[in-house]
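> Read off the chains here:
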Amino acid sequence: MESAALSTFTSPVILFFVLGMLAAAVRSELSIPEPFAKAMSIYLMIAIGLKGGVAVAKSGLGIEMISAMVAGAVLSFAIPFYVSALLRRIGRLDPLNAGAVAAHYGSVSVVTYVTAIEILGAQALPVAGYMVAVLAVMETPAILSGLLLARKGMASDAGSDAGGHARDDLLREVFLNASVVLLIGSFIIGAIAGPDGFADVQPLFDTGFKGVLCLFLLDMGLLAARRLRESRSITWRLALLAVGFPLLNGTLGVLVGAGIGLETGSVAALGVLCASASYIAVPAAMRMALPQADAGIYLAMSLSITFPFNILFGISLITWLARALAGS
Amino acid sequence: MESAALSTFTSPVILFFVLGMLAAAVRSELSIPEPFAKAMSIYLMIAIGLKGGVAVAKSGLGIEMISAMVAGAVLSFAIPFYVSALLRRIGRLDPLNAGAVAAHYGSVSVVTYVTAIEILGAQALPVAGYMVAVLAVMETPAILSGLLLARKGMASDAGSDAGGHARDDLLREVFLNASVVLLIGSFIIGAIAGPDGFADVQPLFDTGFKGVLCLFLLDMGLLAARRLRESRSITWRLALLAVGFPLLNGTLGVLVGAGIGLETGSVAALGVLCASASYIAVPAAMRMALPQADAGIYLAMSLSITFPFNILFGISLITWLARALAGS
Amino acid sequence: MESAALSTFTSPVILFFVLGMLAAAVRSELSIPEPFAKAMSIYLMIAIGLKGGVAVAKSGLGIEMISAMVAGAVLSFAIPFYVSALLRRIGRLDPLNAGAVAAHYGSVSVVTYVTAIEILGAQALPVAGYMVAVLAVMETPAILSGLLLARKGMASDAGSDAGGHARDDLLREVFLNASVVLLIGSFIIGAIAGPDGFADVQPLFDTGFKGVLCLFLLDMGLLAARRLRESRSITWRLALLAVGFPLLNGTLGVLVGAGIGLETGSVAALGVLCASASYIAVPAAMRMALPQADAGIYLAMSLSITFPFNILFGISLITWLARALAGS
Amino acid sequence: MVETVLRKRIEILADSPLVRRVTAAIDAVGITGWTILPVSAGKGREGLWHEEHVTGTDKALVLTVASLDKAAALADALAPILTTHGLLLTMWDVEVIRGNRF
Amino acid sequence: MVETVLRKRIEILADSPLVRRVTAAIDAVGITGWTILPVSAGKGREGLWHEEHVTGTDKALVLTVASLDKAAALADALAPILTTHGLLLTMWDVEVIRGNRF
Amino acid sequence: MVETVLRKRIEILADSPLVRRVTAAIDAVGITGWTILPVSAGKGREGLWHEEHVTGTDKALVLTVASLDKAAALADALAPILTTHGLLLTMWDVEVIRGNRF
Ligand SMILES: Nc1ncnc2c1ncn2[C@@H]1O[C@H](COP(=O)(O)O)[C@@H](O)[C@H]1O
Ligand SMILES: Nc1ncnc2c1ncn2[C@@H]1O[C@H](COP(=O)(O)O)[C@@H](O)[C@H]1O
Ligand SMILES: Nc1ncnc2c1ncn2[C@@H]1O[C@H](COP(=O)(O)O)[C@@H](O)[C@H]1O
Ligand code: NA
Ligand code: NA
Ligand code: NA
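Residue numbers (the working numbering), protein chains in the order written: chain H, 1 to 328; chain X, 329 to 656; chain Z, 657 to 984; chain F, 985 to 1086; chain L, 1087 to 1188; chain P, 1189 to 1290.
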């Protein structure tokens, strides 16, 4: 594991993330233009979706894929329940904020997943193509359980005055948010086009991938560290939980992955998915459904603490655990 | 033709367009950042211009190129006349709006052309490099005839109060709009630099081309379908015309192309140029010159109906016709 | 030299710059989306930094690098003193504006450097990897001497009412501006990652480089010519100085480079760095520290005159001089 | 000078995901239109925020011009959610030309 | 408090290709300056629109501060084309510092 | 209609590198918040400018809502640097809901 961890810290991908965090820490004016950052996130989702689809076109669908998808959906739905309980007891959050934060931890971070794929690939631990479908499936259930948990805690359902319009908007945001559409859509396109159709677009979506990931992680490092610096709502208890959750959820994911018999790379990937916390799809849904919740808390925890922790340490730890449990 | 049509629908380029349309149809919040979409359209025009110029540097200028350019200019200028007449009679538009819409159909869509090149290339029907110059030449004449037609119908010339300033702006918009400058400019650069000079920039402008086209068509699918959903001005009569025009104009283009003796690929390309309708250069000119015209009509017709029709069916039909007439 | 100058004018990189200038001269509406242009400038700095770092990882650090960095820093600090004196005497500027303009000429233009690298590379004159570090080091000292010169000329120090906040902002802008952070940061990342780590990101940062440079120079041509067209503050005296400074400073740089024993390519690169004038980092610092200075003067001189002069002629002249002095 | 009439101009700052909620309220009280302006950063009781397209930390300014009574109806409709939804509303008199439009 | 004087602030919403037309009118009546703000979406009698850079479906808000009589001259100059060109104009009193500038 | 109170709305146009200077002044006089709007072009006595991200030729509009006395304090604080720093300040009365917030 040492050499792996070491190679993690000599990989440009990780080094650019560190550069971004350092630049924000010293308050440099460096910033990546917002529309360009957004475009890169779209690119990454399409690229990962396509590659997963092409892999499935090669390997065919199997029972493994179904069981991994079911496991992912159940984990995404279940994790918020104990996360929310811990947030209330240890983190001292009210039910509303606890539910909102918990939704982020049940859901997933695409970039954490993508970085894990790169790190696992460098260690000769291939991840099954269908894991992209698992990733897409895990985006949503956590939002539902998070809302259930938060709403239980609200005296009157302030969301209910929203009327049909707001309800529709919310359902669309939950089930048809950009991440889900891009991941599933390009997964299916990859599966239809297959290796031959993919060949034409490979230079953009495959060859250029790691470079774009560097640029994107530079930006994420900037955003994560700046947010932490400016945050007012983070207590030490919450910061500790933001490190504890990925360890806990990652272990759970690895255990389930090994239990349903996935290959080592995919076991680690499922662990990383559980360990990661959303900061793209879920915050938008929470702003819409729970505007009273404090965005300062959930974004600082998921983006500023859990995300860097996973990139720098979590992925390596989970990979080590997956190797230990699932062999190779 | 069947297998060609089939391969059209397994090509990532087309599938991303369909994904965009579906996402907009179900009202997903997915959107491509505007500055990035604009940048992609600039990239596509430069790439296609360069490639055309390099091809001409290889093959040299010939009489064919001149005749194709003249034919293109005449078609672009002439098409709006009968299109506008049909719009008034069948589409029941007033002269002002008929002229504005007709200008779009005489002019061309760069992305439709680019997609056709890809599809023709996949069918081993190469298109002559100089067709890019024809594309550039066809942007403008239709704007002039459209304005002539629309102005005829205006009681008092509301544009004339504009003074010199507005007139200059309009002339620049018509003759020096971004599309024309980029296409002609990079065509000339390609011709000067030649294959050797091009080699250095080939990775960006050639190898990455198809991937960018996928992303751009994803966005165009989103824009086209969203606009159709929100449109108030489209009647069934206009929708029918928006499908009829590409068939009519495309057939005309193929006949003329075969008549002046172009090769099959170029015949099809000229057909596609005639069949396509502008939604980049012409709308901007119309907003300036005919602000009273209803942008809801001309954009919904050209972008939301004719463009998808051409991408999904028109190009294949025109290719089939070109093969039938000009041999392959 | 003739064939070199000739090949300069058939290189797509230069031709796109000319296209941009022509488009702005005829007042075309063509424009590159601002966030995308900014993203390209970030890309170029990262790419050049990485490549320099990787080169140093291969060649190792040497005494040459140290002496080149010291020479660069001293030149950057010293140049503004005589430049400012000439601006006051010949250019008839007041001390405030003379200091502000002089800061730009002591500092450097990353894009001029990058273009020079490409041109030198095409002439088989490789530039040492550590010159990127020299480039980064030369960004800042000139800002300090420019401020010293300008402040001397101000009756009361209007900047001093700024309080601690403004002082901190300014120091950060001077020492941690985006250019410095990106260049130094990616230089170090390149040095750590080395050729192996770089291999993964090479397709984006190396293979695609020249194409992006074309797009960026298209934009710079547009910006430079538009600014010149709209400028009100440029006199003939200032325009002449804006051509004279690169010749003078470039000659000085070549002499120093040859004097400290650099290789011909690096001698030319040092000359180009001295000849170039900043239009990214320094203007922002001047707006903050010397808001009373006329941005119309310093940007028109550095961006609209010196930059095009260097791209089109200066680099070739300096290369010729470096060959003459340092041999080839 | 061309004749002008008085109308109310209302501007509402809202989180991007809540903008549809605001415009739905404008439509509901029968105002003819609205326009959205981007905003890039801000500070309030909850601290600093910056536009971040990736995390969706965005706000927007909704501007609408309406007659006095429709403006009042809109203010009434939004008042209950101003605090919970973190909206900022300002309203003032403006002159418009051809006021029958609003 | 520092002395302020009253001026008119005028804001005009226009399609991007028509913005030059509006600023030319501002220049023509002798107002010293103007500033352009981006807008991202809107709804009016002609329905919804969204900023689309590719198709050029853009609008912008032109803001200018002027003395009462110059403001009136501008309103007069733009009144005839407000409807045909789909412009939206609002105007109100503002206090400015060092009003001789405007 | 829901109760409203009068507050001052102040908008200040400034070069991007000077925006922090303006918001620091807002914070210093004890105003609770501010919001920044992008601007894309303009013309003044010093001629035309266009938003250029590469050269940092950017301006921004800082908008803040405050009580009369805090607004006056802000105007006093900024008055000395309005000319040297090229700021443009306008101020007017607006109605707000739950005015205790400001
Ligand atoms: N009452 C209103 N308040 C604010 N903006 C409006 C209003 N009416 C129209 N607009 C804006 O002006 C544009 C053109 O309006 P219209 O000419 O009515 O379609 C709309 O798309 C809106 O952006
Ligand atoms: N009368 C005005 N109305 C609106 N904006 C103005 C006005 N005068 C100046 N500006 C803006 O303030 C900037 C600086 O003005 P100046 O200091 O006069 O060059 C200009 O570039 C405009 O963006
Ligand atoms: N006094 C104010 N003036 C202008 N904008 C404000 C003011 N107070 C708050 N805001 C804006 O409203 C947002 C939400 O405010 P708050 O709910 O107090 O955090 C802030 O982030 C600012 O963008
Ligand atoms: Na998770
Ligand atoms: Na056509
Ligand atoms: Na220099």
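What the hints contain is simulated information worked out from the structure, not anything from laboratory work.
Treat the hints loosely; a few may be bogus.
Dumping the calculated DSSO-like pairs for lysine-lysine here, alpha-carbon to alpha-carbon at most 27 Å [stated by the list, open to error]:
no. : chain 1 : residue 1 : chain 2 : residue 2
1   : L       : 1156      : P       : 1258
2   : F       : 1054      : L       : 1129
3   : P       : 1258      : F       : 1027
> Run every hint past the structure and note whether it holds.
Verification of the supplied hints:
no., hint, result
1, L:1156 x P:1258, "violated (31 Å)"
2, F:1054 x L:1129, "holds (17 Å)"
3, P:1258 x F:1027, "holds (16 Å)"
Checked against the numbered hints given earlier, the structure breaks only hint 1 and satisfies all the rest.
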